[in-house]
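S.K.: Each chain, letter by letter, is given below.
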Amino acid sequence: MSKNIKFLGLLLTLIIIFIILLKGLNVSKDYSNEKLKNKIDFSLNAKKLFSDEIINISDLFDKNSPSVVNIWASWCAPCREEHQFLMKLKDMNINIIGINYKDSQKNAKNFLSSLGNPYSEVITDNDGTKSIEFGAIGVPETFIISGKTNEIIKKYIGPLTNENLLEIKKFIKENV
Amino acid sequence: MSNYLGNYSLYIALIASVYLIFKSYLDANSENKYLDKNFILITSIQTVMITVSFFSLVAAFVISDFSNETVFNNSHTLKPLFYKVSGTWGNHEGSLLLWLLVLSIFLFIFLLNSRSQDTKYKLLTILFQQIIISGFLVFILLTSNPFKMLYPIPSEGLGLNPILQDPALAIHPPILYLGYVGTSIIFSASLASMISGNIGDKWARHIKKWVLVSWVFLTIGILLGSIWAYYELGWGGFWFWDPVENVSLMPWFCLTALLHTVIVLQKRNSFKEWTIILSITTFSLSMSGTFLVRSGILNSIHTFANDPSRGLYILSFLFILILMSILIFFFNQNKISNIAKENFILSKETAILVNNWFMMFFLSVVLVGTIYPIFLEVLNGSKISVGPPFYNNLLIPFLIPFLIFMSFGPSLKWIKDKLKKLNYNILIIFLVSLLISYVILTKTENSFLLSIPLIVLSIYLLLVTIKDFFVSKSSISQKISHFGFSLLITSILLNGLFSNEFNSNMKVGDERIFNEKVVKLKEVNVTDVDNYKSLKASFEVTNKNSSFALYPEVRIYQQPLTITSEADIKTTLFSDNFLVFNILKDDGYYNVRYQYKPLMIWIWISTIFIGFGGLLSIIRKNEQKY
Numbered sequence: 150m151s152k153n154i155k156f157l158g159l160l161l162t163l164i165i166i167f168i169i170l171l172k173g174l175n176v177s178k179d180y181s182n183e184k185l186k187n188k189i190d191f192s193l194n195a196k197k198l199f200s201d202e203i204i205n206i207s208d209l210f211d212k213n214s215p216s217v218v219n220i221w222a223s224w225c226a227p228c229r230e231e232h233q234f235l236m237k238l239k240d241m242n243i244n245i246i247g248i249n250y251k252d253s254q255k256n257a258k259n260f261l262s263s264l265g266n267p268y269s270e271v272i273t274d275n276d277g278t279k280s281i282e283f284g285a286i287g288v289p290e291t292f293i294i295s296g297k298t299n300e301i302i303k304k305y306i307g308p309l310t311n312e313n314l315l316e317i318k319k320f321i322k323e324n325v
Numbered sequence: 009m010s011n012y013l014g015n016y017s018l019y020i021a022l023i024a025s026v027y028l029i030f031k032s033y034l035d036a037n038s039e040n041k042y043l044d045k046n047f048i049l050i051t052s053i054q055t056v057m058i059t060v061s062f063f064s065l066v067a068a069f070v071i072s073d074f075s076n077e078t079v080f081n082n083s084h085t086l087k088p089l090f091y092k093v094s095g096t097w098g099n100h101e102g103s104l105l106l107w108l109l110v111l112s113i114f115l116f117i118f119l120l121n122s123r124s125q126d127t128k129y130k131l132l133t134i135l136f137q138q139i140i141i142s143g144f145l146v147f148i149l150l151t152s153n154p155f156k157m158l159y160p161i162p163s164e165g166l167g168l169n170p171i172l173q174d175p176a177l178a179i180h181p182p183i184l185y186l187g188y189v190g191t192s193i194i195f196s197a198s199l200a201s202m203i204s205g206n207i208g209d210k211w212a213r214h215i216k217k218w219v220l221v222s223w224v225f226l227t228i229g230i231l232l233g234s235i236w237a238y239y240e241l242g243w244g245g246f247w248f249w250d251p252v253e254n255v256s257l258m259p260w261f262c263l264t265a266l267l268h269t270v271i272v273l274q275k276r277n278s279f280k281e282w283t284i285i286l287s288i289t290t291f292s293l294s295m296s297g298t299f300l301v302r303s304g305i306l307n308s309i310h311t312f313a314n315d316p317s318r319g320l321y322i323l324s325f326l327f328i329l330i331l332m333s334i335l336i337f338f339f340n341q342n343k344i345s346n347i348a349k350e351n352f353i354l355s356k357e358t359a360i361l362v363n364n365w366f367m368m369f370f371l372s373v374v375l376v377g378t379i380y381p382i383f384l385e386v387l388n389g390s391k392i393s394v395g396p397p398f399y400n401n402l403l404i405p406f407l408i409p410f411l412i413f414m415s416f417g418p419s420l421k422w423i424k425d426k427l428k429k430l431n432y433n434i435l436i437i438f439l440v441s442l443l444i445s446y447v448i449l450t451k452t453e454n455s456f457l458l459s460i461p462l463i464v465l466s467i468y469l470l471l472v473t474i475k476d477f478f479v480s481k482s483s484i485s486q487k488i489s490h491f492g493f494s495l496l497i498t499s500i501l502l503n504g505l506f507s508n509e510f511n512s513n514m515k516v517g518d519e520r521i522f523n524e525k526v527v528k529l530k531e532v533n534v535t536d537v538d539n540y541k542s543l544k545a546s547f548e549v550t551n552k553n554s555s556f557a558l559y560p561e562v563r564i565y566q567q568p569l570t571i572t573s574e575a576d577i578k579t580t581l582f583s584d585n586f587l588v589f590n591i592l593k594d595d596g597y598y599n600v601r602y603q604y605k606p607l608m609i610w611i612w613i614s615t616i617f618i619g620f621g622g623l624l625s626i627i628r629k630n631e632q633k634y
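Those protein sequences? They're chains A and B, same order as listed. Heads up: the first sequence begins at 150 in the numbering used here, then just goes up one per residue. Heads up: the second sequence begins at 9 in the numbering used here, then just goes up one per residue.
Everything labelled a hint here was simulated from the structure, so no lab data went into it. Some hints could be false.
Some chain A residues well away from chain B (every beta-carbon gap over 10 Å; in silico) [unchecked claim]:
(1) 156
(2) 163
(3) 203
(4) 259
(5) 264
(6) 313
(7) 316
Here are some chain A residues pointing at chain B (derived, C-beta under 10 Å) [said to hold, decoys possible]:
(8) 171
(9) 199
(10) 233
(11) 234
(12) 236
(13) 252
(14) 253
(15) 254
(16) 255
(17) 284
(18) 301
(19) 302
Nothing here was measured: the structure is a model prediction, and the numbers come from that model. Every residue gets a Cβ at the ideal spot worked out from N, C-alpha and C, and that includes glycine.
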């Protein structure tokens with residue numbers, strides 16, 4: 150009898166620890182969504198991928214509605230995964246700006262011509278410094294940025310999921 | 009090419025694993041007297057396959073094959089060859105492959121070394137070990153495959169974190185893993201002996217080797233990590249109570265307890281259940297260490313690199329193993345034959361039990377400090393940070409009774425000892441240590457009441473362990489390890505008591521006066537080296553009539569952009585002079601930190617003594633006498 154109680158007690162403790170650690174896994178994931186930066190420096194200049202022309206990044210944003218910024222690279226496998234979701238966003242008429250991170254121009258163009266180009270404009274970031282300005286720590290990352298106040302409204306680390314997609318869509322439709 | 013080779017050999021190893029699990033399960037239930045020859049054959053095939061897989065990853069790193077995603081993410085063509093090779097296990101995927109390699113090699117060695125053991129016991133050990141191996145194989149193949157291909161092939165890799173480009177760190181993970189993984193054999197073997205009912209002195213003698221092997225590797229692994237933190241991180245300490253460090257310390261406490269308990273089992277045939285519980289706990293702690301570090305639950309800033317499914321997988325796997333072992337323990341408990349034996353308070357058994365209590369206490373403090381922040385965050389969302397004060401306040405006072413017990417415990421006799429009349433040797437040693445402590449304590453101003461008994465007792469223990477070399481009858485390996493431990497405690501205490509430092513902003517030509525020493529920044533040279541830019545400063549430290557130079561360095565790596573500080577340390581037998589500097593904004597000033605740390609080198613030397621004692625015990629044949 151006492152043996153069974155010991156056993157059940159141990160089992161119960163184990164299950165509780167398991168649940169807490171399981172929850173802990175999710176808690177720490179929420180952490181990384183904390184914004185490292187709140188505002189984007191709109192005075193930044195960057196080179197366009199397709200035309201090699203240097204522009205001011207503030208020109209890329211729509212002043213009246215939020216835009217989506219996506220940092221990607223042709224060599225990044227998760228970027229390939231999330232590409233389909235970006236195409237869906239494009240079909241919803243959402244303005245997506247691409248930042249091509251540490252990539253060769255040829256590979257980047259091949260990537261877009263074979264899979265489709267979801268971006269209204271792509272700027273290049275050969276040395277990774279532009280992405281740092283956005284507070285990014287890796288690829289892929291996706292931001293929702295307000296064109297009016299140049300604030301980062303939301304940030305997704307890692308490839309987008311279907312859930313994220315719906316959230317972005319809902320958010321942008323509400324804020325036009 | 010190497011990608012395919014590495015990948016497919018893992019699949020073959022998985023097939024071998026599945027075969028071995030079924031075969032060993034079936035054979036363990038039949039009453040076969042001999043171990044089927046196929047077991048050795050299939051196990052060697054599996055070991056060879058995993059070895060092939062591991063070395064094809066090493067090869068991919070050496071030739072900088074960037075079609076491999078792991079290589080691409082962690083290597084760079086400009087990196088020196090040595091660090092290309094060590095880069096293999098400097099990342100998540102590669103380090104898991106190394107875990108797996110060690111797991112299978114250890115099982116293979118176990119099979120070769122346990123011919124005289126009972127067949128059923130061997131079969132069950134294979135079964136449990138293969139369950140662990142297959143768990144890791146599936147984990148690697150599903151969530152952390154090191155052979156993922158990239159297309160188009162990038163022309164250059166992303167580089168390895170330059171902080172990780174250090175010789176101590178290059179060999180630190182493999183050594184630590186040998187310790188961690190060694191505990192898996194102890195785990196499998198203790199579950200197997202539980203079921204086959206052969207726990208006893210014979211089994212203890214056989215498993216003690218594995219306990220020692222794991223313990224020695226774990227000790228040296230922790231030492232290397234600590235040395236790396238001291239020399240490379242540039243913080244001037246050797247232990248930071250960082251969660252990642254703690255997870256290596258927890259199995260060490262448990263293993264140290266087990267190491268002592270297994271001796272009781274061998275000599276007196278008691279503490280059977282406790283030995284099994286410790287074996288299970290040690291391995292669970294090693295696995296939890298992997299979970300805590302690899303899942304990103306601790307280092308939340310690194311989670312972006314981690315697939316969330318990884319944490320979930322390790323967590324589930326860990327709990328399935330723990331659940332399995334608890335079930336086996338409870339349903340086979342009646343097989344343990346415990347002959348009631350009289351236990352006397354004054355005996356070696358009791359002394360070892362006391363040692364175990366202390367180890368469990370230290371373990372729980374570290375466990376709480378490491379896990380509690382995670383729990384609290386889940387339960388009410390608040391974030392707390394548990395730092396050195398927590399550990400120091402909870403651990404240091406308990407060192408006092410621990411040191412007292414350690415000074416006489418090892419010399420007690422088995423079964424029953426008598427209180428002798430006052431032993432004059434002991435009294436003299438105690439008085440001498442009082443005298444030495446008095447001399448030491450008058451030299452420092454920041455002495456607290458607590459540090460007086462600590463210093464007295466640690467010096468007393470040091471002298472007693474030295475005396476034991478000449479009079480005690482216990483084994484030489486035990487004497488060396490215990491001496492090493494007392495030396496470690498003494499060095500740490502004196503180091504903590506006498507360390508001092510200053511922190512200041514200086515520009516070239518400046519002088520600072522500190523504790524009768526003059527520290528002068530003479531010049532800073534900028535040069536370009538292999539894959540980084542180097543700023544080398546030249547300092548002169550003048551102390552009364554002697555002077556010496558120190559050349560700390562700041563390195564600016566480009567791939568990825570990282571700035572590291574290389575401290576320059578002048579080490580003598582008595583003290584370390586530690587100097588590190590950092591770049592401030594471009595106004596010509598540098599932030600300079602100078603530290604005086606007495607007896608630093610003895611912390612490393614004493615730990616080597618501790619490990620050496622264990623090593624000696626493994627290789628000496630007549631050790632069994634004691």
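S.K.: So, residue 254 of chain A near chain B? Judge it on the closest CB pair being under 10 Å.
M.R.: 12 Å, violated
S.K.: Grab the minimum C-beta distance from residue 233 of chain A to chain B and call the hint holds if it beats 10 Å, violated otherwise.
M.R.: Hint on residue 233 of chain A: violated, closest Cβ of chain B at ~18 Å, above 10 Å.
S.K.: Confirm or reject: residue 163 of chain A is not an interface residue toward chain B, with every Cβ-Cβ distance exceeding 10 Å.
M.R.: Its Cβ does come within 10 Å of chain B, the nearest being 6 Å, so this is violated.
S.K.: Double-check residue 253 of chain A for me: the hint is only fine if its C-beta lies closer than 10 Å to a C-beta in chain B.
M.R.: At 7 Å from the nearest chain B Cβ, residue 253 of chain A passes the 10 Å test, so the hint holds.
S.K.: Over 10 Å from every CB of chain B: does residue 259 of chain A meet that, or does the non-interface label fail?
M.R.: 7 Å, violated
S.K.: Taking the closest Cβ pair, is residue 234 of chain A under 10 Å from chain B?
M.R.: Given a least distance of 18 Å, the restraint on residue 234 of chain A is violated.
S.K.: Can we trust that residue 316 of chain A is non-interface, i.e. its beta-carbon lies farther than 10 Å from all of chain B?
M.R.: Since the minimum Cβ distance to chain B is about 17 Å, residue 316 of chain A lies beyond 10 Å and the statement holds.
S.K.: Tell me if residue 255 of chain A is really an interface residue toward chain B, meaning its C-beta lies closer than 10 Å to one of theirs.
M.R.: Residue 255 of chain A check passes; min Cβ-Cβ to chain B is 9 Å, inside 10 Å.
S.K.: Can we keep the residue 171 of chain A interface hint, with Cβ of chain B closer than 10 Å?
M.R.: Status holds, d = 6 Å.
S.K.: Confirm or reject the statement that residue 264 of chain A sits farther than 10 Å, beta carbon to beta carbon, from all of chain B.
M.R.: 13 Å, holds
S.K.: A closest beta-carbon separation below 10 Å is what the hint needs, so does residue 236 of chain A meet it against chain B?
M.R.: 20 Å, violated
S.K.: With d taken as the least Cβ-Cβ distance between residue 203 of chain A and chain B, does d exceed 10 Å?
M.R.: Fine: 23 Å to the nearest Cβ keeps residue 203 of chain A off the interface.
Of the numbered hints given earlier, the model fails hints 1, 2, 4, 9, 10, 11, 12, 15, 17, 18, 19; all others are met.
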